[in-house]
Structures are given as structure tokens and as C-alpha cells.
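Throw the hints in and build the complete structure from the sequences for me.
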Amino acid sequence: MEKIRTLIEEIKKYNINLFGKDFLLTWDKTSDELKVVLIVAEVLKEMRNNNISPKVFDSGLAISNFRDNSTRTRFSFASACNLLGMGIQDLDEGKSQIAHGETVRETANMISFLSDVIGIRDDMFLGKGHTYMLEVAEALQDGFDQGVLPCRPSIVNLQCDIDHPTQSMADLLHLKNNFGSLENLKGKKIAMTWAYSPSYGKPLSVPQGIIGLMTRFGMHVELAHPEGYDLIPEVIELAKKNAEENGGSFSMSNSMEIAFKDADIVYPKSWAPYSVMEKRTDQLLNNDKEGLKILEKECLENNAKYKNWECDSLKMKVTKNGNALYMHCLPADISGVSCLQGEVAADVFDKYRIETYKEAGYKPYIIAAMILSSRFKDLAQTFGSVLNKNQNRIIN
Amino acid sequence: MEKIRTLIEEIKKYNINLFGKDFLLTWDKTSDELKVVLIVAEVLKEMRNNNISPKVFDSGLAISNFRDNSTRTRFSFASACNLLGMGIQDLDEGKSQIAHGETVRETANMISFLSDVIGIRDDMFLGKGHTYMLEVAEALQDGFDQGVLPCRPSIVNLQCDIDHPTQSMADLLHLKNNFGSLENLKGKKIAMTWAYSPSYGKPLSVPQGIIGLMTRFGMHVELAHPEGYDLIPEVIELAKKNAEENGGSFSMSNSMEIAFKDADIVYPKSWAPYSVMEKRTDQLLNNDKEGLKILEKECLENNAKYKNWECDSLKMKVTKNGNALYMHCLPADISGVSCLQGEVAADVFDKYRIETYKEAGYKPYIIAAMILSSRFKDLAQTFGSVLNKNQNRIIN
Amino acid sequence: MEKIRTLIEEIKKYNINLFGKDFLLTWDKTSDELKVVLIVAEVLKEMRNNNISPKVFDSGLAISNFRDNSTRTRFSFASACNLLGMGIQDLDEGKSQIAHGETVRETANMISFLSDVIGIRDDMFLGKGHTYMLEVAEALQDGFDQGVLPCRPSIVNLQCDIDHPTQSMADLLHLKNNFGSLENLKGKKIAMTWAYSPSYGKPLSVPQGIIGLMTRFGMHVELAHPEGYDLIPEVIELAKKNAEENGGSFSMSNSMEIAFKDADIVYPKSWAPYSVMEKRTDQLLNNDKEGLKILEKECLENNAKYKNWECDSLKMKVTKNGNALYMHCLPADISGVSCLQGEVAADVFDKYRIETYKEAGYKPYIIAAMILSSRFKDLAQTFGSVLNKNQNRIIN
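Protein chains in written order, with our numbering: chain A, 1 to 396; chain B, 1 to 396; chain C, 1 to 396.
Incorrect hints may have been included.
One copy or any two copies: either way a pair holds, since identical chains are not told apart in the list.
Unchecked claim - Taking lysine-lysine pairs in the DSS-like style, the calculated list, with each CA pair at most 30 Å apart, reads:
hint, residue 1, residue 2
1, 128, 351
2, 279, 21
3, 55, 293
4, 351, 21
5, 55, 21
6, 12, 55
7, 289, 305
8, 55, 377
In case anyone wonders, no lab produced these hints; they're calculated from the structure.
Below, the structure written as C-alpha cells:
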């Protein structure tokens, strides 16, 4: 309880403007706002662990719209919404009439008459996911302004083509707790590197999210990937700018080994090249099955040149004290376990398995914190009301 | 709060018998009962807008059984049940064993041991949907009478082959609010007309629901459709009888223009001809794919003769002051937007878009009102208990 | 209320160790533990019937993982969890990334960060279902021990390859109420027999569950099936041992008539032969479609030799006073109703239809009791808190 009260006091120190706002990209938010989201997440975690129910909604609907498969994020979103008191209704476009030409605007309003939050995952098509979320946001704002909706539901980006803020913020909270504080992250080196995977077409949003966020906390962020596996240029520019403004650095190389050198943290993960994802987006939209097959074949052949981009114990040895923190958004392609050869050697993964699980465990609280901070203006007061209510999560 | 108390007082004036009853067809209900459902819906809407939680169920299951695709009605039902405190469990016949020969009777009981409400959409097969709901109702009553079920869940018709009461009642509430009162609807002309759509096979339940309901409130209801696009004869007879008994009128023509003349309200919407739906039902039940293809082709060719049945600005000019209220259950086939040529011109739809959204926005509250009035005997007392509980929907 | 208080007092008499434990097999539990689960189920049923809400969770997630189709069990689990206050999140492996090679261990942790209960149905593959549940259990325990999970969710077996404890325990509660007490079951004869069905491949877990459980309460359990339709040998051994230890008997024959002779209870139900299920499991795992077709054909031909294994009125005549209690887990294959010829004659089923519905009606409460007893250490105290809270399920 003492810890909870201390954290609530800390929230009061910050001047933020998250109320009524969507959470689409971490770089839309000030550093103070990001810090508050982390603290709110910690309060919620502490509350639940101390059997205090932070149910701030007596009823209310949270809508999940997964335009790509998901287990982890689906359960994280469901857990977060349930914790706060909302029911979850899935907008399954397979089942719905959306497939039959409904406009985004109309649907956004039709599902939102009694909704508080909409979580969207749309990471398949480069140039589309974030744009789609903005379209939904505009439709909701218009519906609210014109008196159609009693409130303006907030959107939480559960992964788009550009950013994956619930992942990167959970990663940041994991780092905060691992290194003791955000302050302690200053000067630390994180290597965000490509890694080989026998599959292809993985979104760019995780590496982009990481370099876009970690450059804001004084870290030395090094991005490494084989030639051709570029990320969206705008995000690269953003990372450079962030680093300049926040006293860290951002560098790039084409070598996992160079990136790992003296790193405090390594984040080796597969992704598709930007240009391939662009081509693939066109083919998917045009239902060009033949083209997709050829592209996949080419891309896998190209991938295969970089099988040595595996996070193994030899490469780990060059990290700080041979003991960098290994991170992954999961599921990892583990050599000899989930595939013949993959992103990470089995012995390295085994050593850090529990750490990666804990990393993932912050996500439900990060999502809940994003929701809470978008729905409640005075977060310290809201938490005060929760404590006054004195409701156990599980009956005593 | 004053408005809420006034509405609750008004409920007390009516003598109704909705408790323990299903809501399958509006014409099963007295006009007083329909009026009370409207008022209950308004109370619920006011409560939610004033952050009062009308959660009357601490737990309880609401079952949705959608035998046809649905986004709007699915979310409306989920919103209504969530607002009242119930969890939603979908009876997905694709996933369940029902497809493997379970009887309706058994399933109805098996899913209802701890259920309070069952919402059913079954509008595909003419002669089947309403019949199915009656079968379920009988099974539930039998289960309750024989001590299998602790309570008899109420059924809410979320659209059948005959009526679409949650739609028509939401439409009526929209009209009540647009014209100031039900009293003000007397003498108003509403044109329920067929409209061209590039698709076919749309249910008859919306136009049937509209002419079956609006003829009870002293309105002049005019039904217009091309020759052959008849509705179920019994509903036509009912509309005539309603009009005679309630001081309005019911007329029919084969011209959109004649129907629109001096109309206060227009409701142009596509539907399939009765005879086609009959034939189609047989073919669907017999899985006669060849027959279905031929029927669709014939029907679309026939439809194409009536492309001029579009609600455009020219036709709108002949309505009362050129300014009739345009209504639609959504999604509308909008010419040049969702199809090449459809039910409504883009400029007409644009003018009324927000009105159609508001029209749809009543549906969750209408469904909640149907549920509430079927589960609670003394609605004024129940609302009194809700107010005494003084529970905010969102924490203060 | 008096009845509830009496039942709660009775719970106090037993010394049990269900807290923090999974419910996978009835034979993992002591007889006292099983008795307490029955009493807890009865308390919950009484509470709900008296409009007392036993909502012990203010929030919390219950996960359902149905690896086989299900209507009844799905709704029973949803009802149970909703009654206790949890939200339900379905782990649909079709939708999730599990199909893409995620390990059981990882997924078990990823879905459990804020979960209290996981219900699993995995009855398709002989030798797999129970093993899978043990794997999940181990992963959850590891996650909890290593600080990944804030609590260790309990697993409820919703049917595996070996046992179907929610079914057999619901059956036992049905018998307890039918015969007045567990004590009264002593010396009663129950015939668990195979019955003919035009389908094949039905799990062995129901008959195994019945002979494994009923032999513990002093009953004379007789198992009958055509030659070759054996159950898992270990369960047969267990039934023998149970009978010896608990003053009843366990016998086997190859005749429905012999089994029915003087039986107080008959439970005629189709299942596949053990050896066929073993072969089928291999074929399913190897996706051997040709082999599956041949096996099905052979098996159905073999089945067809035993069409006389139908529970008809003639066979019922030889039971105790010609009036044995007929039981079935539903849905039954009813001759002339759900199939040409099946497990039970229509007139026999009709006579007992309502009884089988009531039998099924215990399942939600049994599941809720299994959950409650795994999550709360002092059940009498928990029920005391529920009564003190004095919360109506439906508002007064």
C-alpha cells in the first residue's frame, strides 16, 4: 500500500494531456506522458497483486479489432479491459458485414454507441494500419461532435505497420524494473538487430517501436540488419532526432556482432525488408497470389544468406560482461526447438526464457494504463477513488 | 435527473403485461406496452448519459444466436446486455454440435440453465425464423414448467422473417424524438418504399416491421414497390387493420414518386420479392445450388428494370417542403459510394447521414428496454432501486 | 437460507486439500473432497435460486480452451465463471498463433498473467488430452514459482481422453438428489453399457469417468460392451480397486441385458473401441486421411453388428421394477428421432427426457464448485463472506 501511495504521489508531479486522446504512436506523446503511463501501469499491477480491484467501469464495452492473428495481445487486451470493468466484444470482420463494403466511418460509429475503448491490430499492410486507425479516429470524433456518440471512445494501437506501442512500452517498463529506474537507462547500450527466421513477412513495427522509443531515454541505440532489410525511413530519422534531443545516440550497422559489442541489452528479431513489405502490400491488396509466391521464394532465398544472424552464446560473449539482457516480443524462433535454425540459440533463450515471460507480463498493465489515462483526467484522483472504494478483487 | 424522474412517473400510468414475455412481433404487444418500452429506453439512455449505472444483474448470461451475419445488431445486443450487467455468450452453430442433429428443444434447455435472455436473429428463410423462435420459446417454457430451468429466459427477436422489432422500435423512438412526441406523429405521412440495389435476397422484415408498427400511431403509411415485390400478405392485412383502428391510413402504390408526394418521412430500402424468397428458402433448404444461381440471375435481371427506384434529390423535392426525414436501417447502398447505383443518391444520403446514425443509436437502448421489461414486473420500482443504489457507471 | 446454512455447516466437517489444485481426474481426489465439491455445488445452486449472488471475483479472467466442439460444456463453463464474477476469454487455436509452433509452456504463461482459471477440453486423441493438461499445469506452476504469474491459475478438465469429471460429478449429484443421499447409493446397481450409434469415434471418457467414480460410493457397477469395445485397461483396474475398497462391486459382461438385470440405474452410451481410438489417434496426428477413411468404414461395419445394443422398453423391463433411472450425457442418438437407429428408443428417451435435462443442469454448478474449491482455502468462510455481502443477483 505504501508503494501504491508513493506512485500515486509521483503521478501528481507530471503535467500531461492524455485524457481523451488515442494511443497510436509513442512519439505522439511527451516523455512525461510516457512516464506517467509506466507509473499507472505499476500502480495497477501493485493493486492487483494486493487484491485491490481497480474496476473503474461498472459497465462499458471494449472493442477489439484484430485484423491479424494474435494470442498474446488478444489476452493482454482482454485482461486489461476486464481488470478495469469492461466487457469485451470482438469485431470479427469475417463474421461481420464489413467485408461487404461497409464504410469505415459508418462501422466505427455503429459499434461505438456504448463503447469506451477500441483496440486495433492492423499490421499486415505497410502504409495501411496507421492510416486505418486515423480514419477510425476521425469517424469517432465526428460521431461525437455531431451528437451521435455519447462519448468519444479511445483507440489503443495494438500493433500497426509503423509502431507497436503496447509492446515497446511493456519493454520499457521491463527495462525500468531491470535496471532500477528510467534514469539508470541513460548511457546503456541496446542493440536492436535483425535475426534470421525461416519464415518471412514479419512486421517492421517492433524494431521501429523500439528505436523510436528507446532513443528518448538517453540510451545508445544501435540498429543492425543485413543490407536491404531497411526500416521505414521516417522512423530512422525520428530515432536520430530523438537521440540528439535526449542525450543518447543512434547508430546503424550491418553486423550483429558490432551491434552486440558491449551492449547492455540485445533485441534480436526477424523482420521483412521494407521494400519487400511494400511490394507484398500491393500484391495482397491485388490478391496477386502468383506474385506473392514468387516474392516469398525470393525473400526466403535472400533470408537464407543470413542464417548466421542468430543470437548464440558466442555473440552474447561480446556483450557487456558477456551478460546483456536478452529481449524478445515472443514467440521467438528458437533454433532446434521451434525451427531448425532461427533467431536465437536454444541455450541463450533458455537462460533468458523467464525474463522474456516477465517482459510480456507487463503488457496487460501497459494496455490498462493507456486506457485509464485516456479516460480519466485526474489519474491521482481516480486512484484515490479506487482506494476509497476499498473493493477486493477476490472476496476475503 | 429531473427528466429521469418524470419519465419514471410516466411509466406508472400504464397498465402493461410485458413481464415474463418474449418480444417477437410488435403486433403481439398493446400500444401501451410499446409506449412503455420507448420510455424505458429513454430512461436507460438518460441514465447512461448521466453516468448512472443501470446494472440490474449482478451476474447472468445473455445468449446471442445469430443465424445470419450481423455487426450492428450484434454490438447493439452486446451493449444492451453489458449495460444491464449480463455477460454475453454466443451460440455459434458453426462451432457447436447443433449442426450435428441436436434438437432445438434440447439445445434451448442446455444453454439456459443460468441464462436470462436469448437474442435470436434468423431472417434468412421465409416461414422459418419466427417459427424457430416459437419453438425455442416453447422449449424454454416446458423446461421451466418441468423444473429444468430455474427461470424462463426471455427471447428478443433480433430480426426474423416477419418482423424486425428492435429496428422498427428504434425507428419509432427516433421519430418520437424528431417530431417531439408520439402524439405529433398523428397525421404524418411515411413512405416505406422499395429501392433498387445491385444485390438481392434482402429480408422483408424491415418494411414489414415498419408498416406493421407505424400504422398504430395514426400515421399515413404508404407502401410502394415495383410490381411483384410484394410483402407477406398477412402483414399487409395487419397494416390495413391497424390503420383503421388507430385513425391513420395505409395505402399502396407502384411508384416511388407517388409515395414520396408530401411525405414527412421516407424509408427507401431494397428487399426481395415474397415469391422469390419463398422459392429461395426451398432451394437453400435443399442445397439446390444450381437453382439458387438461376434464381439470383433472374432476380437481378428483374431488379435491374427498376434502377430508377433510387432516392435522389429530385424525388426528395416532392416530399413535404422538399424536406422529408430520410430513414434507413443501414447499411444503405449509396450510389457511387458503396455501389455503382443503389438505394440512395450520395448527396441525399450525405444530408441525412448523421440522422441515420442517430436512428441506429437508439437500438441498444430499445433492446435493453425489451429485456428489462420482460424481466422486471414493476419497472418504476426497479428504476427506483437503481437510483437508490446510486452507482456511477464510471468511477468519479 | 436455512438449507444454505446447513450445507455450509456440513462443509466444515470435512478435511480437504483442494485449494490451489487442478481438477483433472476424480480419482486424484479423496472421497471427502468429492463430497465437498457436491455440497459446494448445491450451495451455489441454492444461492442462485434464492437470488443471492455468489460473485467472489470482482474481476478476473477464465480461459476456455476447447480443442473439440462443444455446446453444453461451453455454456456450462461460461455460466459457472459468470456466476462467480469472471469474464471468459476463449483460446481459439484456429485464430491464435499456437498453430504456428508456439510451445505449450509459453502459451500457458502468456494467457495467464491475469487469469484465475483455465478450462480445457481435449478428448480427441487417446494418450494426449490428459498429458496436455499436465503439461499446461507444469508450465503454470513453473511460471508462478519463477515470479512470472501473480497467481497459479487452476485447470478444470472439461473432458480429456481418460476422464470427464464435470460430467461424472454432475451425474453423481443427480444420483444423490434422485436417491436422497450418497449414503442411499450404497448397494444400488448402475449399468454402464455401450450402445449402438450410427456414428463412430466417440471418446471413452464418459464410461471411464462413470466406472472410475461410481465404484467409490458402494455401488454395484456393471460395465457391458460388445467384444472389442474395451476401455483403457488402467481405468478398469482402478474401478476394480475402488469397488474393493469401498464396499461395492465392479463386474463386466458382453451383454446389455445382463447388465440391465435388476439395475437401479442404466447409462447406455456409444463409444469407440480402445484399439480403434489408438489407431485413429496415430492417423489423425499423421494426417492420414486415407487410413482414417478405411478405419471409419471398418469400424462402422463392426458397429453395425451390434444394432441390437439399443436401450428399448423391453430391455428396461428387466431393470429394478422395470423402472431404472435412465442417464445420458446428451446428446443421445435417439432411434427414429436424431437417427434411424441409435442408442435409445424414442419412447424410453421420452420418459426420461426431463430427467436427462436435470442431470445436465448440475454441470454449471459442479464446474463452479470445482473452481471455487480450487481458489478459496476456507470455503465455509468464503460463503460466509458472500452471505454477509448480501448482494442480490437480480436487483430488487
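Report task. Please work out whether the CA atoms of residue 12 and residue 55 approach to 30 Å or closer within one copy, between two copies, in both situations, or in neither? Result -> Only inside one copy: residue 12 and residue 55 sit 21 Å apart there, 33 Å across copies, limit 30 Å.
Report task. Tell me, please, which holds for residue 279 and residue 21 at an alpha-carbon limit of 30 Å: within, between, both or neither? Result -> Neither, since 33 Å and 52 Å both go past 30 Å.
Report task. Could you figure out if residue 55 and residue 377 sit no more than 30 Å apart (CA to CA) within one copy, between two copies, both or neither? Result -> both (16 Å within a copy, 24 Å between copies)
Requested in this report: Pop the pair residue 128 and residue 351 into one bin, within, between, both or neither, using alpha-carbon distances up to 30 Å.
Outcome: Close across copies (29 Å), not inside one copy (38 Å); limit 30 Å.
Query - Within, between, both or neither, where residue 289 and residue 305 count as close if Cα-Cα is 30 Å or less - result: within (25 Å within a copy, 37 Å between copies)
Requested in this report: Pop the pair residue 55 and residue 293 into one bin, within, between, both or neither, using alpha-carbon distances up to 30 Å.
Outcome: For residue 55 and residue 293, the Cα distance exceeds 30 Å both inside one copy (48 Å) and across copies (53 Å).
**Report entry** Status of residue 21 relative to residue 55 across identical chains (alpha carbons, at most 30 Å)
**Finding:** both (21 Å within a copy, 28 Å between copies)
Requested in this report: Go through the copies and call it for residue 351 and residue 21: within, between, both or neither, with a Cα cutoff of 30 Å.
Outcome: between (40 Å within a copy, 29 Å between copies)
Hints 2 and 3 from the earlier list are contradicted by this structure; the remaining hints agree with it.
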